[in-house]
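Peer 1: Using the sequences and the hints, build the whole thing.
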Amino acid sequence: MYAQMVKTGVEHVRSKDEMSPEEQAFQERVDADIKIEPKEWMPEAYRKTLIRQISQHAHSEIIGMQPEGNWITRAPTLERKAILLAKVQDEAGHGLYLYCAAETLGVSRDELMEQLNSGKAKYSSIFNYPTLTWADIGAIGWLVDGAAIMNQVPLQRCSYGPYSRAMIRICKEESFHQRQGYDAMTKLARGTPEQKQMAQDALNRWWWPSLMMFGPSDADSVHSAQSMRWKIKINSNDELRQKFVDQTVPQAEYLGLTVPDPDLKWNAERGHYDFGEIDWDEFYQVIAGNGPCNRQRLRTRVKAYEEGQWVRDAADAYAAKKAARSKAKAA
Amino acid sequence: MNGQDALFEYLLRLGDNALILGHRLSEWCGHSPVLEEDLALSNVALDLIGQTQLWLNLAGEVEGKGRDADKLAYLRDARDFRNVLLVEQPNGDFAVTMARQFYFDAWHYLLLRELTGSKDARIAEIAAKSLKEVTYHLERSRDWVLRLGDGTEESHRRMQAAIDDLWMYTGELFESDDIDRAMVQEGLGPDLVTLHEPWLGLVRATAEEATLSLPQPGWAQKGGRRGIHSEHLGYILADLQFLQRAYPNATW
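Residue numbers (my numbering), protein chains in the order written: chain U, 1 to 331; chain R, 1 to 252.
I should point out that these hints are in silico values taken from the structure, not numbers from a laboratory.
Among these hints, one or two may not hold up.
[Claimed, not checked] Pairs of lysine to any residue residues, derived as SDA-like cross-links and limited to a Cα-Cα distance of at most 20 angstroms, are as follows:
#, chain 1, residue 1, chain 2, residue 2
1, U, Lys35, U, Gly119
2, U, Lys327, R, Leu146
3, U, Lys321, R, Ala207
4, U, Lys303, R, Trp252
5, U, Lys231, U, Thr104
6, U, Lys303, U, Gly119
7, U, Lys322, R, Leu146
8, U, Lys196, U, Val249
9, R, Lys71, U, Arg74
10, U, Lys196, R, Trp252
11, U, Lys7, U, Arg74
12, U, Lys322, R, Thr211
13, U, Lys322, R, Glu208
14, U, Lys321, R, Glu154
15, U, Lys187, R, Lys71
16, U, Lys196, R, Gln244
17, U, Lys39, U, Glu28
18, R, Lys132, R, Glu209
19, U, Lys265, U, Lys231
20, U, Lys187, R, Lys132
21, U, Lys303, R, Gln244
22, U, Lys196, R, His156
23, U, Lys196, R, Ala207
24, U, Lys322, R, Leu39
25, U, Lys327, R, Glu209
26, U, Lys196, R, Tyr247
27, U, Lys329, R, Glu209
28, U, Lys321, R, Leu243
[Unchecked claim] If the Cβ cut is set under 8 angstroms, some of the chain U residues that face chain R in the computed set are:
#, residue
29, Leu96
30, Arg157
31, Gly191
32, Val311
Ideal Cβ placement from N, Cα and C applies to all residues, glycine included.
Peer 2: Here it is, written out as structure tokens:
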């Protein structure tokens with residue numbers, strides 16, 4: 001997902017007996033679906049886990065601007081260009097809401113940026129794949145945003161107030177993104193033979209990385225169990241992945257495209273699609289920094305940040321001068 | 001050249017300015033100095049893309065040969081583009097982008113204000129809609145000229161260099177040719193020469209407040225409005241038009 005494999009720092013899910021009275025009261029509020037707000041007491045591990053999760057999500061939005069931004073200047077019509085630009089702009093906006101939500105937990109945007117730029121912080125593995133053709137833009141909207149929505153819709157109900165509210169805003173925009181991605185794919189799938197081939201090729205390349213977005217099975221993960229107890233994770237990775245496959249396969253069929261999985265078939269007994277094994281070696285390699293674009297993405301981000309330093313400094317200096325002048329005037 | 005041909009050319013100039021500058025600004029998306037600027041530069045680019053659609057669709061309508069905004073944007077070669085040289089200049093650093101924007105916005109604002117009084121209701125309507133957007137563009141680019149001019153030593157040096165480098169492209173904005181004269185005669189658009197004084201007043205006051213000095217009036221680079229461009233435009237079009245050229249007759 002946009003946040004994959006978030007560690008909680010706990011070795012087992014804490015039982016009620018191990019909790020201090022404060023922690024017990026906190027857990028009771030969470031259990032009763034009462035939102036936790038920034039000024040309230042919260043366990044340190046909850047705070048740290050949330051910072052990790054929200055900042056990973058924010059970083060994913062920011063790095064995610066690159067693969068899509070890659071096609072803004074080459075979009076095929078003025079309307080497609082405007083839609084894509086607006087979409088990438090929304091991602092910058094999502095990054096901002098999320099950094100703000102993280103800031104309520106006592107960490108600054110600069111610190112988080114520093115963690116991203118130094119390579120210490122993670123972002124979603126999906127954005128380390130390249131956008132090679134225009135159809136990749138459609139595929140990202142359809143599959144990647146589709147997968148993101150699967151995770152983010154339940155997170156609208158998460159226990160932390162600012163994160164929950166950011167998710168509500170983000171989900172509205174993401175569902176629009178997903179629709180426009182599917183619409184762009186539809187145009188290609190119904191287009192010339194070359195366009196249809198372009199659409200199929202994009203599906204071939206993005207299908208498996210999209211399934212990897214949900215992360216490895218976390219059925220036995222202590223971190224996931226603890227996060228679910230805290231209600232900052234609502235569903236297991238496998239549940240969400242299954243839901244995504246079930247939703248997306250009929251959409252691909254409707255487009256006349258073939259999902260690149262020979263093991264994919266409807267299982268009437270389960271009421272779900274069965275699907276093939278994901279190449280987890282590839283996933284862990286991409287997470288470890290060896291994906292096709294990891295270095296490029298990070299270098300681009302660092303370059304923008306470093307080259308922008310003098311602009312940010314100038315804005316600060318100007319604001320300080322202006323404040324000093326109006327103070328002198330008032331005196 | 002008859003009146004319709006002149007009007008077509010005139011509308012291309014308006015549309016191509018918006019198209020090429022919007023394209024340049026869209027190149028920043030994801031590479032800006034700060035997230036808020038990714039948002040703001042994209043906003044301005046989106047306004048300009050919207051204006052492009054309005055002007056070029058009207059141009060196609062006036063031409064009457066079945067070309068719409070997309071056909072005009074994606075299927076003309078560089079010699080048929082009518083934008084001023086200023087807007088096709090590369091983004092450079094953030095100071096160059098903002099100096100280019102400020103010079104253009106100040107002119108664009110004054111021009112659109114006049115065009116709201118055009119005798120052609122279609123022109124007046126597009127101008128009125130665009131003017132609202134460009135009023136904000138000007139406020140923003142002016143603000144950045146101030147911040148960078150009067151910010152740090154480095155930002156001052158960079159903004160002064162940008163103001164100097166782009167100066168020679170501003171003269172073209174006020175050049176008047178047969179097409180402009182035809183527009184004045186028909187009551188469709190203003191005499192561009194009359195925009196020069198108010199433009200200079202605005203630019204001078206801003207430079208002064210920003211502790212910048214304006215170059216002396218000098219030789220102006222011209223030609224964009226007649227289709228004689230800088231080398232940069234060809235690369236912009238190679239990017240912009242790639243898909244339409246590589247896959248002719250496809251719809252997207």
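Peer 1: State for each hint whether it applies.
Peer 2: Verification of the supplied hints:
The suggested pairing of U:Lys35 with U:Gly119 is violated, with an alpha-carbon distance near 32 angstroms, which exceeds 20 angstroms. Distance restraint check for U:Lys327 and R:Leu146: the Cα-Cα separation of roughly 19 angstroms lies within the 20 angstroms cut-off, and the hinted pair is therefore satisfied. A threshold of 20 angstroms between alpha carbons decides the hint, and for U:Lys321 with R:Ala207 the separation of about 17 angstroms falls inside it, so the pair holds. Annotation: proposed proximity of U:Lys303 to R:Trp252 is violated, straight-line Cα distance about 33 angstroms (limit 20 angstroms).
Between U:Lys231 and U:Thr104 the alpha-carbon distance is near 18 angstroms, which keeps this suggested pair within the 20 angstroms criterion. Only pairs whose Cα atoms come within 20 angstroms are accepted, and U:Lys303 paired with U:Gly119 is accepted, the gap being roughly 13 angstroms. Distance hint between U:Lys322 and R:Leu146 is fulfilled; the C-alpha atoms sit about 11 angstroms from each other, no more than 20 angstroms. Only pairs whose Cα atoms come within 20 angstroms are accepted, and U:Lys196 paired with U:Val249 is accepted, the gap being roughly 17 angstroms.
A distance of roughly 15 angstroms separates the Cα atoms of R:Lys71 and U:Arg74; the hinted pair therefore holds under the 20 angstroms criterion. Distance restraint check for U:Lys196 and R:Trp252: the Cα-Cα separation of roughly 11 angstroms lies within the 20 angstroms cut-off, and the hinted pair is therefore satisfied. Our distance criterion of 20 angstroms between C-alpha atoms is broken by U:Lys7 and U:Arg74, whose separation comes to about 39 angstroms. About 14 angstroms separates the Cα atoms of U:Lys322 and R:Thr211, which keeps this hinted pair within 20 angstroms; it holds.
For the hint pairing U:Lys322 with R:Glu208, the CA-to-CA distance comes to about 15 angstroms; that is within 20 angstroms, so the pair holds. At most 20 angstroms may separate the alpha-carbon atoms for a hinted pair to count; U:Lys321 and R:Glu154 meet this at roughly 16 angstroms. For the hint pairing U:Lys187 with R:Lys71, the CA-to-CA distance comes to about 18 angstroms; that is within 20 angstroms, so the pair holds. A C-alpha spacing of about 16 angstroms is found between U:Lys196 and R:Gln244, which places the hinted pair at or below 20 angstroms, so the restraint holds.
Proposed proximity of U:Lys39 and U:Glu28 is supported: the alpha carbons are some 17 angstroms apart, at most 20 angstroms. For the given pair, R:Lys132 sits about 25 angstroms from R:Glu209 by alpha-carbon distance, which is inconsistent with the 20 angstroms threshold. Under the criterion of a C-alpha separation no larger than 20 angstroms, the hint pairing U:Lys265 with U:Lys231 is inconsistent with the structure, at around 33 angstroms. As the CA atoms of U:Lys187 and R:Lys132 are separated by approximately 34 angstroms, the hinted pair breaks the 20 angstroms bound.
Restraint check for U:Lys303 and R:Gln244: the C-alpha separation of about 32 angstroms exceeds 20 angstroms, so the hint is violated. At most 20 angstroms may separate the alpha-carbon atoms for a hinted pair to count; U:Lys196 and R:His156 exceed this at roughly 52 angstroms. At roughly 54 angstroms between alpha-carbon atoms, U:Lys196 and R:Ala207 are farther apart than 20 angstroms, so this suggested pair is violated. Straight-line distance between C-alpha atoms of U:Lys322 and R:Leu39 comes to about 24 angstroms, which puts the hinted pair past the 20 angstroms bound.
For the hint pairing U:Lys327 with R:Glu209, the CA-to-CA distance comes to about 18 angstroms; that is within 20 angstroms, so the pair holds. Distance check on the hinted pair: U:Lys196 and R:Tyr247 sit about 12 angstroms apart at the alpha-carbon level, within 20 angstroms; holds. For the suggested pair U:Lys329 and R:Glu209, the alpha carbons sit about 17 angstroms apart, so the restraint of at most 20 angstroms is met. Between U:Lys321 and R:Leu243 the alpha-carbon distance is near 49 angstroms, which puts this suggested pair outside the 20 angstroms criterion.
For U:Leu96, the interface hint holds, the least distance from its beta-carbon to any beta-carbon of chain R being 5 angstroms, beneath 8 angstroms. The criterion of a C-beta within 8 angstroms of any C-beta in chain R is not met by U:Arg157, whose closest approach is roughly 27 angstroms, and the hint is violated. Hint status for U:Gly191 relative to chain R: holds, with the closest Cβ pair at about 6 angstroms, below 8 angstroms. The beta carbon of U:Val311 comes within 4 angstroms of a beta carbon in chain R, closer than 8 angstroms, and the hint placing it at the interface holds.
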